[in-house]
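J.: This is what each chain is made of:
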Amino acid sequence: MSELCILVRTAPYSKINAAEAVRHINGAVNNNIKTSVVFVDDGIYCLKDNQDMGDTGFTSTAALIKQIIGTAKMLENEGDTLKIYTHKGSLEKCGIGADKMLSGFEVVDDKGLAKVVGSAKTLMIF
Amino acid sequence: MSKTITILLSTTPYSFENTHTAARIAEAALAKGHDVIVFASGDGVHNFTKGQKAKGIPNASEVFSKLIEKGLSVELCGTCLAFRGIKEEMHMDGANPSTLKKLFEITKKSNVFINLGM
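Chains as they are written, first to last, in my numbering: chain D, 1 to 126; chain C, 1001 to 1118.
Among the hints, a few may not be true.
[As the list claims (entries may be wrong)] Calculated lysine-lysine pairs in the DSSO-like style (CA-CA distance at most 30 Å, straight line):
| id | chain 1 | residue 1 | chain 2 | residue 2 |
| --- | --- | --- | --- | --- |
| 1 | D | Lys66 | C | Lys1102 |
| 2 | D | Lys121 | C | Lys1108 |
| 3 | D | Lys83 | D | Lys34 |
| 4 | C | Lys1050 | D | Lys48 |
| 5 | C | Lys1050 | D | Lys15 |
Derived from the structure by calculation, the hints contain no laboratory data.
Working from the sequences, and respecting the hints, build out all of it.
T.: And the structure:
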């Protein structure tokens, strides 16, 4: 059971939500909070690898997530501080091939999604 | 038995109904003797600036000032304040800069956690 579940359901850059989600994931990891993160619906687009930000001034969500995963691996003792999930149906709908997304995350179906969300003490939705 | 209720408020005061909802939940919970914390994040920090002149709609600074007097605790994300150029003299008394670390401490002790965002 995680202390915190962060549900990311919005695509990056059009709203601040995804960036705020990433900021809170980073904060949770750095404060050693056992955290599960689920990317669902348009939140899946946060995981699109090789996002070209050009001169927009935005920061790539995928690049930040990679950094956070690296931090989590350095900090965690038992290997379970940060657990990231992606939602199967959302992945299928997004139209981006798996080879173009960050990978290595557990893919959950609707029931799995409900279980991850339901088992956390606190839920933050972005 | 008294419980701790935390409300994460992350939207501006007058574009959404979240501020009104947060205030009504806080008011009802305080009246029943519960501890209530509003943690303002992102644009939610705009709820707690001084000198708001809103009329014909619940004035966020007035509503929250009264609730603070009744015991509401208010934490403002410090990074979000700095991000928006909101300086200490610009936010209302009783609403103080806070940190993500504090947010996670609060979530640990809270019995109820309510998200009010976009």
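J.: For the pair supplied as a hint, Lys83(D) and Lys34(D), confirm whether the alpha-carbon distance does not exceed 30 Å.
T.: 8 Å, holds
J.: Does Lys1050(C) pair with Lys48(D) here, judged by a C-alpha cut-off of 30 Å?
T.: 41 Å, violated
J.: Please verify whether Lys121(D) and Lys1108(C) have alpha carbons no more than 30 Å apart.
T.: 8 Å, holds
J.: Straight-line Cα separation of Lys66(D) and Lys1102(C) no greater than 30 Å?
T.: Given that 30 Å is the threshold and the Cα spacing comes to 25 Å, the pair holds.
J.: Under the criterion that the straight-line Cα-Cα distance not exceed 30 Å, is the pair Lys1050(C), Lys15(D) satisfied?
T.: It holds: about 26 Å lies between the C-alpha atoms, which stays within 30 Å.
The structure shown violates just one earlier hint, number 4.
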